[in-house]
Amino acid sequence: MSYDSNTLEVERFQWVGKKVGFYGSIFIIALVSVFPILWMFITSLKQPGNVVTFPVEYIPRNPTLANYRAAIEGAPFFRYLLNSAIVATGTAVLDVLLGSLAGYALSRLRFRFKLPVLLLILGTAMLPFIARLIPLFSLARSWGLLNNYLGLIIPYAAFQLPFAVWIFQAYFKELPDSLEEAGLMDGLSRIGVLFRIILPVSAPAMATAAIIVFIYAWNEFLFALTFMTEDSMRTITVGIALYQGEFQYPWGTISAAVFMSVIPLILFMLFFQRKVVEGLTATGKA
Amino acid sequence: MADTVESSSGATYGESPERQNRLQRYRDLRFSEEELAVILLTPVVSFLLAVSFYPIFDTVVGSLHTGYVLEINPQEFVGLENYRDLYGSGPLLDQFLNGDGFWNALRVSLIYTFVSVPIELVLGLGLALLLNREFKGKYFAQAAILFPWAIPTVINARIWAWMFNGQYGVINDLLIRVGILQQPFPFLAKPDTALYAMLFITIWKTSSFMALILLAGLQSIPDHLYEAARMDGASRIRQFWDITLPLLKPTLLVALIFRTLPAFQAFGLPFGLTGGGPASATTTLVLFDHQLTFNRLNFGEGAATATIITLIALAIAMVYVGTLYEPEVR
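These protein sequence lines map, in sequence, to chains A and B. Residues in the first sequence are numbered consecutively from 1, following this note's numbering. Residues in the second sequence are numbered consecutively from 1, following this note's numbering.
Calculated from the structure, these hints are not laboratory results. Just so it is clear, the structure is predicted and the values come from calculations on it, not from any experiment. It is possible that some hints are incorrect.
[Claimed, not checked] Pairwise CB distance ranges, derived in the manner of DEER restraints: (1) 136/B x 59/A: 25 to 31 Å; (2) 16/A x 179/B: 27 to 33 Å; (3) 20/A x 236/B: 17 to 23 Å; (4) 72/A x 80/B: 49 to 55 Å; (5) 141/A x 38/B: 56 to 62 Å; (6) 112/A x 80/B: 35 to 41 Å; (7) 242/B x 143/A: 45 to 51 Å; (8) 15/A x 186/B: 29 to 35 Å; (9) 221/B x 204/A: 36 to 42 Å; (10) 186/B x 115/A: 53 to 59 Å; (11) 65/A x 224/B: 43 to 49 Å.
Ideal Cβ positions, reconstructed from N, Cα and C, are used throughout, including at glycine.
With the hints as extra help, turn the sequences into a complete structure.
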């Protein structure tokens, strides 16, 4: 009897221990993941004089928004954000358009040389960006596309197109054949089938591709740094990276600027997390 | 309005059904599958040829010339001279192990890639196993864990530069509080520790990305396999080695390809963290190439470096794809 209740006790203890261990490790991992941003937020609220102290101040005394004011006055952050939004949206739209058409052809049409075409498209994803930088830079310069949104949208769209094509063709492959057959029977042309039947049901793939491409374009640095030489055309990523205040290393101001630039990402992750996860898993399922 | 247009084109209401059918068939036949494929794929393929392939070709040609791009000097064909300048002088092995400039950058990039990616893979697998079950608050945990991946690399570099700061950095403060350090240590100012710090940051940032890709693989493993194993009395560890790992192998290889090529092209992290210093200890190949091209305006050697990077990237991709396709053939 007492033996039985003892084992029950032990099992219960183990169960609680497992739960605590599990949630404890999840909590620690989540904390480690968000700590840097949290730290930026804490730093940004400190009085300018309290930023560079050691030992470090963990809870800001007399929190202030002075750093935010300095950041906004020091650089055109809203302009940077607008530039990033335009470039990232343009890239996503272009890739959804081209990617869905190519993905449809590669997954649902029979034609010769399908495999070589697929390999050609996916193979471009393997080519290093740095090897495309200078030739594209001189092309952009001769076509007047430096300091122009299109100057970034065009290369970004090309770089991410293989992923968009991959996502769309994987999605279209899973659609039932009866969908097209019904459309053809109803007298639609093949193009009609594509635009009236296939594309309207491909919203999930469009969202996935658009989000993946959007995040890429928002975060890209090498081309954004090189192609946008005027301060007013910089994307937020470059704007923050090159930010220099009036004094050397104004960490308080930089923290405020970084935190502001990350707010859209935080909201984006909270709203679209599931889509992002689906997108990543879709690219992972080769 | 529409009626007038239709009647002017001849297809009016009074048309016989046969003619209607013929018209319909004509519409269907207007594009065969193959024609439609050509129509849909031509824009994509020509776009990629122009924006992805042509530049590579141009870079290879440029690597054989001087005064490339700037147009101030006329382009002059110099053969392999740019490559010889990158190589320097000395025996190959000696250069590889001790050479500076290009060789140093090559070493940094190889260490960076082949140390960080395996660690990310292991940590990512651990995270994926942890997330591969239902629990309260999973949504927020997942959003938090995925967050490092969404922060732009170069902004992330600035954040960590502040946290690693040698005088006022929070990392120094924490390490002193737990008793690991006695006094602040300038991690980013010492050649050895700067590279370790850079590795730490990239592992922190990318493990979650790995976890998500691996999570998809884990979820595709059917539950009944585990049930059968449990009935046979197999332990959790046994199940992991005999079921999870073998079935996850294709996903692991995909994750490797997805991470190795970007890691080999690291640029934003050293740019924002250390600028490649101290003493070039964190200068990756792409950062080296960028400095060569834009600071020293040596376009010929820059193009030669870019060509070498391309060759190495393609070699890595080929090795992986070769390994990846093997299990499917069998």
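Checked hints:
1. 136/B x 59/A: 25 to 31 Å: holds (29 Å)
2. 16/A x 179/B: 27 to 33 Å: holds (31 Å)
3. 20/A x 236/B: 17 to 23 Å: Holds, at about 19 Å.
4. 72/A x 80/B: 49 to 55 Å: At roughly 52 Å between Cβ atoms, residue 80/B and residue 72/A fall inside 49 to 55 Å, so the hint holds.
5. 141/A x 38/B: 56 to 62 Å: violated (33 Å)
6. 112/A x 80/B: 35 to 41 Å: Holds: the Cβ-Cβ distance is about 40 Å, inside 35 to 41 Å.
7. 242/B x 143/A: 45 to 51 Å: At roughly 58 Å between Cβ atoms, residue 143/A and residue 242/B fall outside 45 to 51 Å, so the hint is violated.
8. 15/A x 186/B: 29 to 35 Å: violated (47 Å)
9. 221/B x 204/A: 36 to 42 Å: violated (23 Å)
10. 186/B x 115/A: 53 to 59 Å: holds (54 Å)
11. 65/A x 224/B: 43 to 49 Å: violated (57 Å)
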